[in-house]
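Taking the hints as your guide, dock the two standalone chains into a single complex.
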Amino acid sequence: MGTAWLSMVLGGVICFSLATVYDPWHQNRTPTTSHDPSMMEVILGESRRLFANHFYVKADVYFHSGLYPSIFDEAASEEDHHLEHTAADDGLRDARHEHDEHDAEHGFPGKAPDDWIYRFGTHFKPSRHLHLDKPSEARELLPWLELAAELDPHRIETYTVAAYWLRSRLQKNDEAVAFLREGWRVNPDSYEILFELGLVYWQGKGDAFRARNVWELALRKWRLRNPTGGEDRYNEKILLHLAKLEEEAEHWDQSLQYYQELKASSPHPEVIQKLIDEIQARRQRKILN
Amino acid sequence: MEGSRLLKDRATEGLSHMHSVGAIAVVVIKELYRRKDFYVLFVLTALITLLMASMSFFNDRQVVRYLKEICLLLIWISSLVIAMVTSARQIPAERESRTIFPLLAKPVTRGQVLLGKFFGCWAATGLALVVFYLFFGVIALSRETEWMLAGYFQAWWLHWWMLGVVIAMVLWGSLVFAAPSSNVTILLVIVVGILLLGRHLGKVAARLSEPMQTIVYVVYYGMPHLEFFDVRDLLTHQWGAIPWWACGLATVYALIYTALFLTGAWWSFQRTNLGER
Numbered sequence: 001m002g003t004a005w006l007s008m009v010l011g012g013v014i015c016f017s018l019a020t021v022y023d024p025w026h027q028n029r030t031p032t033t034s035h036d037p038s039m040m041e042v043i044l045g046e047s048r049r050l051f052a053n054h055f056y057v058k059a060d061v062y063f064h065s066g067l068y069p070s071i072f073d074e075a076a077s078e079e080d081h082h083l084e085h086t087a088a089d090d091g092l093r094d095a096r097h098e099h100d101e102h103d104a105e106h107g108f109p110g111k112a113p114d115d116w117i118y119r120f121g122t123h124f125k126p127s128r129h130l131h132l133d134k135p136s137e138a139r140e141l142l143p144w145l146e147l148a149a150e151l152d153p154h155r156i157e158t159y160t161v162a163a164y165w166l167r168s169r170l171q172k173n174d175e176a177v178a179f180l181r182e183g184w185r186v187n188p189d190s191y192e193i194l195f196e197l198g199l200v201y202w203q204g205k206g207d208a209f210r211a212r213n214v215w216e217l218a219l220r221k222w223r224l225r226n227p228t229g230g231e232d233r234y235n236e237k238i239l240l241h242l243a244k245l246e247e248e249a250e251h252w253d254q255s256l257q258y259y260q261e262l263k264a265s266s267p268h269p270e271v272i273q274k275l276i277d278e279i280q281a282r283r284q285r286k287i288l289n
Numbered sequence: 001m002e003g004s005r006l007l008k009d010r011a012t013e014g015l016s017h018m019h020s021v022g023a024i025a026v027v028v029i030k031e032l033y034r035r036k037d038f039y040v041l042f043v044l045t046a047l048i049t050l051l052m053a054s055m056s057f058f059n060d061r062q063v064v065r066y067l068k069e070i071c072l073l074l075i076w077i078s079s080l081v082i083a084m085v086t087s088a089r090q091i092p093a094e095r096e097s098r099t100i101f102p103l104l105a106k107p108v109t110r111g112q113v114l115l116g117k118f119f120g121c122w123a124a125t126g127l128a129l130v131v132f133y134l135f136f137g138v139i140a141l142s143r144e145t146e147w148m149l150a151g152y153f154q155a156w157w158l159h160w161w162m163l164g165v166v167i168a169m170v171l172w173g174s175l176v177f178a179a180p181s182s183n184v185t186i187l188l189v190i191v192v193g194i195l196l197l198g199r200h201l202g203k204v205a206a207r208l209s210e211p212m213q214t215i216v217y218v219v220y221y222g223m224p225h226l227e228f229f230d231v232r233d234l235l236t237h238q239w240g241a242i243p244w245w246a247c248g249l250a251t252v253y254a255l256i257y258t259a260l261f262l263t264g265a266w267w268s269f270q271r272t273n274l275g276e277r
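Protein chains in written order, with the numbering used here: chain A, 1 to 289; chain B, 1 to 277.
Keep in mind that the hints were calculated from the coordinates and are not lab data. A couple of the hints might just be wrong.
[Unchecked claim] Below 25 Å or equal to it, Euclidean Cα-Cα: the simulated PhoX-like pairs (lysine-lysine) are: (1) A/244 <-> A/274; (2) A/134 <-> A/205; (3) A/125 <-> B/203; (4) A/58 <-> B/203; (5) A/263 <-> A/244; (6) A/274 <-> A/286.
Okay, chain B solo, but in the shape it has when bound (with noise of 0.2 Å):
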């Protein structure tokens, strides 16, 4: 009887605490829609793709993967500007104004404060995507006749968790640097590194002499390997889908390193200051 209780109280504390995440989260939301990074963004992705589809080469108009790859392109680069500007302004914006205070007296935990802004910039960054993903196979569909539906949603897939690892890491990086312009340029850097050279550090490794060897394997073996997620490739080239193991196994992995990254988060959240600017 006891016991019943106990764990019954434990389930209306843990649904508490989930709403408080949601209503945070929602909030965050509702702040994309309102502001216009995403509308902005999304347009010119479409103005350059159409741009670009209005190009006749040698009086082809069958041509489509270059455009696939432009189209593609651009979505992640406006996904990636989306993510990592909403995401790093979120607790030094609550700072600034000092809304953090009435929110945490509420009472809410810091933990989920973070929780909260990490769902939200998540969930608004998928439904970005959506509309991006769906611009995308409405232009390839336009000169394709095969459509590669599984394709299209591993690729929306991954891309969702990637930035899910991306939104914790700035999240984490807004409690570390100074201010969230720093904080965007240098976790920028990283992720644009890691994209493009993250696969062949391991290469590179195997080139030096120690001890450079031993830490290049360190940073290639200890950083996220956001490439896994970029399949920009295999859709451009019609490649078809990938194996779903591989799919779930890496959405386990961007899962790893997400709970890592706010975990740091939550560990400097702890430590932080809130009155001290």
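With the rest of the complex left out, here is chain A (with noise of 0.2 Å):
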């Protein structure tokens, strides 16, 4: 019996001992990651990031009033949330349309049985299909967008929505500027970020020097991380809102140039080039006067 003990107290020792040798080992062979874990990361690990996916579609259902597809509603697929294309087309679309022919494809909210239960059930569930449109509403959104962000700080679109919705709807350019950076540090090769950044320094601050630094830098991440052309044609967008730009401050050379490298890769160039004959015009109006 004493021996049996005395067995076991020396395999613990051993281990102990080796445990103190080993781990230093360890961690020198490990490379050492390039940022101190949050204590979120810590405590859930990878399942944040689901975490995260659910705050970010919570916002989206507040967009909503509160009316969502569920997963049992024939409902759209997670890339067509709506909030994304209102933010991620802003300039480009009308979101408002796209929104609408959106909501015709997909039966949104989800088609509806034809029994009394689920008629009687809308009276005590949101069922109509209302926008936050208030501009003081948009407010409501921003608690989950910052939760998804400090949940899973590479989910890029969660700065970009955020950003626009502080840009656009509360004036609040500043904690957007400090939203983006943050989420540029994260994501030091997001052009998505820097476009959306650009967008605030312009818009939203009227500061059209950093803007043009801005997308000058997410045209050329564009470039490095689409050497053969992308298919999130955010080139065209980066491009077209420097040609705009540009064409503000009367740069016409410059803005030339960028349109015609817009009209290169665009599906339109006739409207491009409309712009283009636009723009040569207006030089021709400047010099004559």
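Here it is in structure tokens:
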């Protein structure tokens, strides 16, 4: 009995001694990560991405005033989030029009069964498709977006969507810049965040100089990531905004150069050619005056 | 003359029955406020809500909907726990301590005991709900300019009736299942399942093939749709009050299911050998 106990104690001592040697060796061997994990990362691990996605969708639910298709509804797929459309396509397409088309296409909020229980239940749930239309109501989305960014800092849309609402509805440009810079720090290669940052500088703060710098950097990053051309067409957005910015500053040559680049990659070169013709006409008028 | 005396006797008897039921209910209410369940859950709800309220998102102190949603979720969890735990232990505790025998010897019928227990639990949870909803109102009012009094009243009313159905279910469960713990666990799973999936079961059934479709439809039409009484989304997103007729119909719906479950409980109680454990 005594020998057994002593053997167990000896085994414990050997294990402890080996651990004191192995742990520092393992620490030196494994490359250290570039950032210290946050409390959330330590507690939730990779599951935090699931929660981040849930909170991002929650913001979309709030945007629709509580009416949202459930997993049981034949509803839009994840990439069809309306919020994303509205934010990402700002300035290029009419988001509202697209939203309506999308509703018709997907039967939002889902095909309702024709039974009395379901029909009666609609009195106790949001049943009309509304949006947060009042500018001040947009603030209701923000807690969920901030929480989503906290849980998954590599989800780019969280930053761009939050910045869109902060800039366009709440006029909180400083907060938008701070949030986007935080996103940029964690995602240094993201041209999407830089594009949105440029929008805040140009449209929100009227700072064309910074907007130009940020968009030029965004374009370089897009080209680095998409050497053979990309599918997200972000380069078109960046080029269009750069061209408009230069046009506003009456830097005609620079503006035309961006429009020419845009024409080369655009699916509607004839539309861009019209813009080029307008710019050239305006330049002529300026020279004549 | 004979008829009016008979009527008078019936009325006296009815009043006596009501008195017995009321006396048992009062004991249950007193029991709830002597126990710590309500206080602990209320303090927890208040603490978490105030903690969330202290958070600032993008330097904006006017954000309110997330706070309302979290507060209402905590109120729903707390009220379900209070209602189920309180009602699940009523009859088993009386049997365990053998106080059911002197109670039935008063004379009080088993039906009166059951009704007394039900009304006691229901009134006690109703009182607890009033405190919870007052707290919710104060929190909402601290950030909102518009106070939807009718909406808040309807939310409380429907929530209370939903708890009535749940209490009746749990009372019946306490006569069917062996222990209060198993009763609470099984019924909690059922109640949460109904709240989460109840309204979608029809859609699920429509996509199934026979005979599963018929089975799921039977469950869908037969189960109590407790989700009717959950109007948290309407309060959170400021949709305003529900039509009063819908609120009234939901009340009748709850009343029917409560009566059904209480009848089931009475039927089980009549067949229970109280001396057997």
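Hints, verified against the model:
Simply put, residue 244 of chain A and residue 274 of chain A have alpha-carbon atoms about 14 Å apart, close enough for the 25 Å limit, and the pair holds. The hinted pair formed by residue 134 of chain A and residue 205 of chain A meets the criterion: a straight-line CA distance of about 22 Å does not exceed 25 Å. Between residue 125 of chain A and residue 203 of chain B the CA atoms are separated by roughly 17 Å; this keeps the pair inside 25 Å, and the hint holds. Of the pairs offered as hints, the one joining residue 58 of chain A and residue 203 of chain B holds, with about 23 Å between alpha carbons and a cut-off of 25 Å not exceeded.
For the hint linking residue 263 of chain A to residue 244 of chain A, the alpha-carbon distance of about 14 Å falls within 25 Å, and the restraint holds. Taking the CA atoms of residue 274 of chain A and residue 286 of chain A, the gap is near 18 Å; set against the 25 Å cutoff, the hint holds.
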